[in-house]
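So the protein lines, in turn, are chains A and B.
Residues in the first sequence are numbered from 1 upward in steps of one, following my numbering.
Residues in the second sequence are numbered from 357 upward in steps of one, following my numbering.
None of these hints come from the bench; they were simulated from the model.
From the three backbone atoms N, C-alpha and C, an ideal C-beta is built for every residue, glycine too.
A few of these clues could be false.
Within a straight-line C-alpha distance of at most 20 angstroms, the following computed EDC-like cross-link-like pairs (lysine to aspartate or glutamate) qualify [stated by the list, open to error]:
| no. | chain 1 | residue 1 | chain 2 | residue 2 |
| --- | --- | --- | --- | --- |
| 1 | B | LYS388 | A | GLU38 |
| 2 | B | LYS551 | A | GLU39 |
| 3 | B | LYS373 | A | GLU38 |
| 4 | A | LYS3 | B | ASP368 |
| 5 | A | LYS3 | B | GLU369 |
| 6 | A | LYS24 | B | GLU537 |
| 7 | B | LYS551 | A | GLU38 |
| 8 | A | LYS3 | B | GLU534 |
| 9 | A | LYS3 | B | ASP442 |
| 10 | A | LYS3 | B | GLU371 |
| 11 | A | LYS235 | B | GLU371 |
| 12 | B | LYS552 | A | GLU38 |
Okay, the calculated beta carbon distance ranges per label pair [claimed, not checked]:
| no. | chain 1 | residue 1 | chain 2 | residue 2 | range |
| --- | --- | --- | --- | --- | --- |
| 13 | B | MET581 | A | PRO46 | 46 to 56 angstroms |
| 14 | B | THR418 | A | PHE170 | 51 to 61 angstroms |
| 15 | A | VAL342 | B | VAL374 | 32 to 42 angstroms |
| 16 | B | GLY384 | A | SER238 | 44 to 54 angstroms |
| 17 | B | LYS423 | A | ASP113 | 43 to 53 angstroms |
| 18 | B | MET581 | A | GLU2 | 44 to 54 angstroms |
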Amino acid sequence: MEKEILPISPKLDRGEAKIAGPRKALLEQGMCQIPFPEEYGGLGLPFSVYANAVEMLGTADASTCLSVEIHNAVAEGLHRFASEGQKKEFLPALLTGKSLASFTLTEPASGSDAGTMATTAEKKGGEYSINGSKMFITNAGEADLYMVFAKTRKGPSCFLVEAPNPGLSFGGDLSKLGMRGSRTSEVIFSDCRVPEGNLVGEEGKGADYAKEILHGARIIVAALNVGIAQIAYEKSVSYARQRRAFGKSISEFQLIREKIADMKTEIDAARLLYFYASRIKESGADYSSEASQAKVFSTEMSLRVCDSAIQIHGGYGYTTDELHRHWRDARLLTIGEGTSEVLRMLIARRELARSQ
Amino acid sequence: MKIAVCVKHAVDEAELKVDSAGNPLLKGAATKMSTFDKNAVEEALRLKASQTGEVVIITLGTTEAKKSMKEALAMGADRGVLINADPMAADTSRTAQLLAAAIKKGGPYDVVLCAEGSSDNYSGLVPPMLGEYLGLPYVGYAKKLEVSGQSARVERALEDSVEIVEAQFPIVVSVVSEINEPRYPTLIQIMQAGKKPLEELSPETLIPGIKPAAPLVTGMKAQAMARKKVVFEGPPEETSKKLLDALASEGVLPR
Numbered sequence: 001m002e003k004e005i006l007p008i009s010p011k012l013d014r015g016e017a018k019i020a021g022p023r024k025a026l027l028e029q030g031m032c033q034i035p036f037p038e039e040y041g042g043l044g045l046p047f048s049v050y051a052n053a054v055e056m057l058g059t060a061d062a063s064t065c066l067s068v069e070i071h072n073a074v075a076e077g078l079h080r081f082a083s084e085g086q087k088k089e090f091l092p093a094l095l096t097g098k099s100l101a102s103f104t105l106t107e108p109a110s111g112s113d114a115g116t117m118a119t120t121a122e123k124k125g126g127e128y129s130i131n132g133s134k135m136f137i138t139n140a141g142e143a144d145l146y147m148v149f150a151k152t153r154k155g156p157s158c159f160l161v162e163a164p165n166p167g168l169s170f171g172g173d174l175s176k177l178g179m180r181g182s183r184t185s186e187v188i189f190s191d192c193r194v195p196e197g198n199l200v201g202e203e204g205k206g207a208d209y210a211k212e213i214l215h216g217a218r219i220i221v222a223a224l225n226v227g228i229a230q231i232a233y234e235k236s237v238s239y240a241r242q243r244r245a246f247g248k249s250i251s252e253f254q255l256i257r258e259k260i261a262d263m264k265t266e267i268d269a270a271r272l273l274y275f276y277a278s279r280i281k282e283s284g285a286d287y288s289s290e291a292s293q294a295k296v297f298s299t300e301m302s303l304r305v306c307d308s309a310i311q312i313h314g315g316y317g318y319t320t321d322e323l324h325r326h327w328r329d330a331r332l333l334t335i336g337e338g339t340s341e342v343l344r345m346l347i348a349r350r351e352l353a354r355s356q
Numbered sequence: 357m358k359i360a361v362c363v364k365h366a367v368d369e370a371e372l373k374v375d376s377a378g379n380p381l382l383k384g385a386a387t388k389m390s391t392f393d394k395n396a397v398e399e400a401l402r403l404k405a406s407q408t409g410e411v412v413i414i415t416l417g418t419t420e421a422k423k424s425m426k427e428a429l430a431m432g433a434d435r436g437v438l439i440n441a442d443p444m445a446a447d448t449s450r451t452a453q454l455l456a457a458a459i460k461k462g463g464p465y466d467v468v469l470c471a472e473g474s475s476d477n478y479s480g481l482v483p484p485m486l487g488e489y490l491g492l493p494y495v496g497y498a499k500k501l502e503v504s505g506q507s508a509r510v511e512r513a514l515e516d517s518v519e520i521v522e523a524q525f526p527i528v529v530s531v532v533s534e535i536n537e538p539r540y541p542t543l544i545q546i547m548q549a550g551k552k553p554l555e556e557l558s559p560e561t562l563i564p565g566i567k568p569a570a571p572l573v574t575g576m577k578a579q580a581m582a583r584k585k586v587v588f589e590g591p592p593e594e595t596s597k598k599l600l601d602a603l604a605s606e607g608v609l610p611r
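Modelling step: build the complete structure from the supplied sequences, incorporating the hints.
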């Protein structure tokens, strides 16, 4: 992370460097192997260890982290719901960085209400034909393997589409506020044929699988945001120490100290929340509420922290890519992988059910 | 081909803090594998890959030195030998004697690799002393090492020239950092490193009756950078000329 990713992070933001090389190096080092069993080439370590590694990667570069997180979410989905044959075929390559994955659920007119998806998969002989399009897809056009959610007659179902495929095409790279190092675009399926063996799990269960995959991914997004906030905080403390105003270091002013105290407290609280959710996940209990709490708190926290970081840096904060990109990167994550609004609904629903 | 690499668990010079009087705060300072030792380990692994054989890491230190040992094993070395002794109680000569004894005990080795110096004290004394204690040819400051059969062709990076020497095995070689780019171990390698064999030896078993010989350190200060703080004032046409003259008189620019 320090050698390959941190130095090029500002260049990734400005579009002057490509993510593919450092991401591959990171995956080859074993980033994706951490939480998976050894029989598929994983390291068999607890999920919380992976979450912590994500936090560290988040401090180095958020967009590389996002790309890896999506890749790993597909690996998690395969591990949870795919057949033994599918796991043996796809997991080892994903875990060692030999292939890259992409998760395609959101559509132009369908987000967290996955049941309304318009993409369809129709069985024709020994194949499924997938038609429709998916929107805001990370790793689109770069991935070798797409986890695709499409409706069959039994409801939303999960498929694997290997690239290249004549029925698979991509829109242009979307112009984003932040996370500019990772590629995001529309994925279009036009009579995209896959063998029936590429159905993951059972037909009609896709929405449940997506929900499960996203619960884990929310913990990881929380950890990523702690990483973003941590680096913005460290830069702020360093700047506050050396910047002088009215004859003294601005770190001596009470209002700057208040910001530093609040930033640090919130970062530590968010870190504990994602560890807490991770530990519940590791125990096998229902962790959907805790994962959502970690994500809501952590994503909103990192926006506050990155905003304070800009404020502490004053004019330099507003005009320096290397500082305001942290806020721009963080801004995605109260939206992606479940908006704060949807997750609050989920938390409340879950907690009300628990108290019955 | 059997290769021994001598590795030092050193103070992390990048993290070292000094007090207001300029004294380095060594107590509780962060530690790591001496920077250039990674180049020595890397070179050993490359030699092994081209020849097949065994890479053995030898270090003198306390239990804490196992951190560096583990890192070298994670990079790909086969096993480790830890001489359990306080490095602060062993001067360079005693360190070299003990390393030589461990090398003799586990040998014979074809090549003994070291870094040109450690990244903390950088005295560069141990490698040539090792050559003496082992009675082997010593080739220092290698920037390129090519092995063919039982001999090596070494390019030595000297101050203003490169010397090329050939030497028959067994030899002691010290390397400079430009010889290679050390690899990063993968997470799997890091986890497996803990399972590799690690032999622990006491100084007494290596050299019966050996006494500690702490180096006498009379003082240690952070290097102070003297600045002259010369400021030229006036229009650029005049000050630029004054600056050029001043740089020339300091010997920075030719007159």
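Comparing the hints with the structure gives:
1. With a C-alpha separation of about 29 angstroms, the suggested pair B:LYS388 and A:GLU38 falls outside the 20 angstroms cut-off, and the hint is violated.
2. At most 20 angstroms may separate the alpha-carbon atoms for a hinted pair to count; B:LYS551 and A:GLU39 meet this at roughly 19 angstroms.
3. Taking the CA atoms of B:LYS373 and A:GLU38, the gap is about 42 angstroms. The hint is violated against a cut of 20 angstroms.
4. Of the pairs offered as hints, the one joining A:LYS3 and B:ASP368 holds, with about 17 angstroms between alpha carbons and a cut-off of 20 angstroms not exceeded.
5. Simply put, A:LYS3 and B:GLU369 have alpha-carbon atoms about 18 angstroms apart, close enough for the 20 angstroms limit, and the pair holds.
6. Proposed proximity of A:LYS24 and B:GLU537 is supported: the alpha carbons are some 19 angstroms apart, at most 20 angstroms.
7. The suggested pairing of B:LYS551 with A:GLU38 holds, with an alpha-carbon distance near 16 angstroms, which does not exceed 20 angstroms.
8. Taking the CA atoms of A:LYS3 and B:GLU534, the gap is near 17 angstroms; set against the 20 angstroms cutoff, the hint holds.
9. Proximity of A:LYS3 to B:ASP442 is assessed by CA-CA distance (about 32 angstroms); at most 20 angstroms being required, the pair is judged violated.
10. This hinted pair checks out: A:LYS3 and B:GLU371 have alpha carbons roughly 17 angstroms apart, not beyond 20 angstroms.
11. A threshold of 20 angstroms between alpha carbons decides the hint, and for A:LYS235 with B:GLU371 the separation of about 18 angstroms falls inside it, so the pair holds.
12. Restraint check for B:LYS552 and A:GLU38: the C-alpha separation of about 18 angstroms stays at or below 20 angstroms, so the hint holds.
13. Range check, B:MET581 to A:PRO46: Cβ separation about 47 angstroms, and the 46 to 56 angstroms hint holds.
14. One distance hint, 51 to 61 angstroms for the beta-carbon pair B:THR418 and A:PHE170, holds here, with the actual separation near 57 angstroms.
15. Range check, A:VAL342 to B:VAL374: Cβ separation about 53 angstroms, and the 32 to 42 angstroms hint is violated.
16. For B:GLY384 and A:SER238, the Cβ-Cβ distance of about 22 angstroms falls outside the hinted range of 44 to 54 angstroms, so the restraint is violated.
17. The hinted window of 43 to 53 angstroms between B:LYS423 and A:ASP113 holds, with their beta carbons roughly 51 angstroms apart.
18. For the pair B:MET581 and A:GLU2, the beta carbons lie near 26 angstroms from each other, so the given range of 44 to 54 angstroms is not met.
Of the numbered hints stated above, those contradicted by the structure are hints 1, 3, 9, 15, 16, 18, listed in ascending order.
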